[in-house]
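These protein sequence lines are chains A and B, in that order.
The first sequence maps to residues 1466 to 1559 in this note's numbering.
The second sequence maps to residues 44 to 413 in this note's numbering.
The hints are simulated quantities; they were obtained by calculation from the structure and are not laboratory data.
Note that the structure is predicted; figures quoted are calculated from it, not measured.
Glycine included, C-beta positions come from ideal geometry on N, C-alpha and C.
There's no promise every hint is true.
What the hints assert, rightly or not - To give a feel for the contact side, a few chain B residues facing chain A, derived at Cβ under 8 Å:
{"id": "1", "residue": "PRO102"}
{"id": "2", "residue": "GLY105"}
{"id": "3", "residue": "GLY132"}
{"id": "4", "residue": "GLY189"}
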Amino acid sequence: MRPPAIIIHIPGPLRVFCSGAAQLPLAAQTVRDALRILEQSQPAFYRNVCDETGTLRRHLNVFVNSDNIRDLDGIDTMLSPGDVVTILPAVSGG
Amino acid sequence: MADRIILTIGTKKGVFVAEAAKSRRKYALRGPFGPGVPVYATLVDTRGTPRIYASSCNPFFGMKVLRSTDLGKSFKETKSGPAFPKDDGRALANIWALEMGAAKRELLCGVEPAALFRSRDGGDSWEMVTGISNHDHARQWQPGGGGLCMHTIVRDGRRLHLGISTGGHYLSEDGGETFHAANKGVGAGFAPDLYPEFGQCVHKIARHGDAPGRLYMQNHGGWANWTGPGGPRPDIGVLRSDDSGHTWRSIAKGLPSDFGFPILVHPHNADTVYVVPLDPETRSCPGSAPAVWRSENGGNSWSRLSRGLPKTDSYFTILRDGMDVDHLKTPALYFGTTTGQLWIGREGGEQWDCLFDSLPPINNVKVAVV
């Protein structure tokens, strides 16, 4: 089965690592698959998102649409056609 | 171009560069570069056209190396930063040290978790130095208060001295191929065995090119009132070696505390050494009165340098890389504080003035004459 077409939304500080793109379209079954594709297609961007062990950096949050993957199935969260995956620094007030 | 003094100031919120003429009357400040991101290591590489390097330790997006080719007017990220091999299992948590290597454009980089990396192209690509990074002891080192960091890299011809907290002092005598722990006489006040083979919390190591084999070390002291097994452990914090680091002896007698972070050698006199004794609990100067202490006889006796510094109510810390000395005929010392002041000690530290009083907390100060 063909993996669903989804959109990766790139945070402002990281657009410099993917030629200024604000969004990257790709096809992936899960967030893990999406990260694997980004490792190949956008290695400089990927290094900002995952460390050298492949682990998502600790202070980043990944959302599928409006849900944090922490509350879903982590990086094994399944993706559906048209989903928007947003990567955001875990900044909060105070 | 006339000689210029270039100061690099690594802070909690990016790197600043200050520049002055040789007179050192007025310093112009530039930055922050890599704004908002902590900088723990800087380097002014004076080989050929000067280059400035700074680590940029972003808690969100990982560790980067910044490079300037215009004396700190602008910085760009190098093509890549140090990274452990994918199958290693370790992930870079901080960059603590950047030093010039032996070959042109060669750089050495100490990181957390404690490991050493080498670049042969001015920071664009990096390889792990396996002789120390995969040393038999490496997986037994434990983090100190600042993390498990390789913070000190001192080159001496084919010898390479490394300071690891907490791992101790490691020495290579074959240009960095192999390393061995060299901690005879270096105490670990926090361990039941005061003199283990390794595991000491070394804070900084310094040497002078005119005194072959001599090294000075600021170790983690502050154990004079220890009441555990073995009793008090005074004077283990400030040490000297005269055999290239194979053995060490205390030179702490006469200091108000043997705890501290930086240690420096005068650029033109290997017998003149500077430390900043701190109270081990507050990590501020004893009596809340900041002072740099100087020995002019290789550590046999010490004198206090504080003219111009606050006389009381100061509780800042000067971190391990927070102090440096320039190489002009009559050198000036510089230190940055955790409360964001940058001080200059003119006439070799005889007279202190505050150059900048409201910078972010300062991790690192380096100076070069270019």
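Structure-based check of each hint:
1. PRO102: At 5 Å from the nearest chain A Cβ, PRO102 of chain B passes the 8 Å test, so the hint holds.
2. GLY105: With Cβ-Cβ at 6 Å, under 8 Å, it holds.
3. GLY132: Since chain A brings a Cβ to about 6 Å from GLY132 of chain B, closer than 8 Å, the hint holds.
4. GLY189: 18 Å, violated
Violated hint for the displayed structure: number 4, the only one.
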